[in-house]
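> Assemble the whole structure, with the sequences as input and the hints as a guide.
Now for the letters of each chain:
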Amino acid sequence: MLTIRLFAGMRDAAGTAVLEMEPPSPQNVTEVFRRLILVHPDLEPFRTSLLIAVNQEYSAWDSPVEDGDEIAFFPPVSGGCC
Amino acid sequence: MIQIVEEAIQPETIVNAVRSGEAGAIVTFDGTVRSHARGRLVTHLYYESYDEMACREMASIRDRALTRWSLRGLAIVHRVGRLEIGESSVFIAVSSDHRAEAFEACRYVIDSLKTTVPIWKKEYYADGEVWVEDYSGRTE
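Here the protein sequences come in this chain order: D and Z. With the numbering used here applied, the first sequence covers 11 to 92. With the numbering used here applied, the second sequence covers 46 to 185.
Bear in mind the hints are in silico, worked out from the structure with no lab data behind them. Warning: the hint list may mix true and false statements.
Sample of chain D residues at the chain Z side, in silico, Cβ under 10 Å [claimed, not checked]:
| # | residue |
| --- | --- |
| 1 | R15 |
| 2 | G19 |
| 3 | C92 |
Ranges between beta-carbon positions, derived for each pair [unchecked claim]:
| # | chain 1 | residue 1 | chain 2 | residue 2 | range |
| --- | --- | --- | --- | --- | --- |
| 4 | Z | D96 | D | T40 | 18 to 28 Å |
| 5 | D | D77 | Z | P56 | 36 to 46 Å |
| 6 | Z | R83 | D | R44 | 28 to 38 Å |
| 7 | Z | N61 | D | P74 | 37 to 47 Å |
| 8 | Z | E52 | D | N65 | 22 to 32 Å |
| 9 | Z | A145 | D | E76 | 41 to 51 Å |
Each residue gets a CB set at the ideal place from its N, CA and C atoms; glycine is no exception.
See below:
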C-alpha cells in the first residue's frame, strides 16, 4: 500500500490527513494524484501550485512510486515569519 | 540543534548550543508573530509541520551553510501549534570565528527555510482565517 499524506489547506479540503492507496498503474505520482481526486475532488484546485514529496524528499509529477512509499501533497510552504 | 517544538522557544538554550571558545561571534535571528498581515489585523497564528520532512530539510539547509561558510555552530528551532502575537515562531543561532560569516549564514538559513521547509502558517483574524500561500483563497 501507499500512504498518502496531506497538509494545511489540502488536508482541510480533503477532510483527512492520511489515506492509503493500492499502488496504481502506471506507478507514478501523476497517477496517484489522478486517483486521489476521484475520491477527493476538492483537491483538484491545488494541482497547479502544490508541492510533492516521496518518502520525505521533494519529487516531481513523473517520479516513480513503489509499494510502501509515503507520498505527500501540500501547498507552497509558509513557515518562518515576516 | 535542529528541532520542531510545540512549547515556547527558549533562546538562551539555543544560543548556548552554538557557543564555542573558538567562536568570536554569535548571530541570532528571532522570527516573531506580527499583529497585522495583508492589511488585516491578526489575532493569532497556527503553524503546522510535516515534522519528519521538516527536520530533514532544516538539516539539509544547515549542511549547505556549513559547506559554504566557515562556522562553529548552527542551530534552527521552529515552533508549531498556536502562537500568540509577539511570540517566537523560529529561532536561528550561528557562531563563527568572525562576524561576517555568521551574519551571512544566518540570513541564508532564514531565507532558505521560508522556501523549502514544509511548515505552513494559518492566520486568524477577528472575522476569519486563512492558510498563507494557500492559493485557493478560501476564508471560513
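> Evaluate each hint against the coordinates.
Right, here's what the structure says about each hint:
no. : hint                          : result
1   : R15                           : holds (7 Å)
2   : G19                           : holds (4 Å)
3   : C92                           : holds (6 Å)
4   : D96/Z with T40/D: 18 to 28 Å  : holds (27 Å)
5   : D77/D with P56/Z: 36 to 46 Å  : holds (45 Å)
6   : R83/Z with R44/D: 28 to 38 Å  : holds (34 Å)
7   : N61/Z with P74/D: 37 to 47 Å  : holds (45 Å)
8   : E52/Z with N65/D: 22 to 32 Å  : holds (29 Å)
9   : A145/Z with E76/D: 41 to 51 Å : holds (46 Å)
Hint violations for this structure: none, all hints satisfied.
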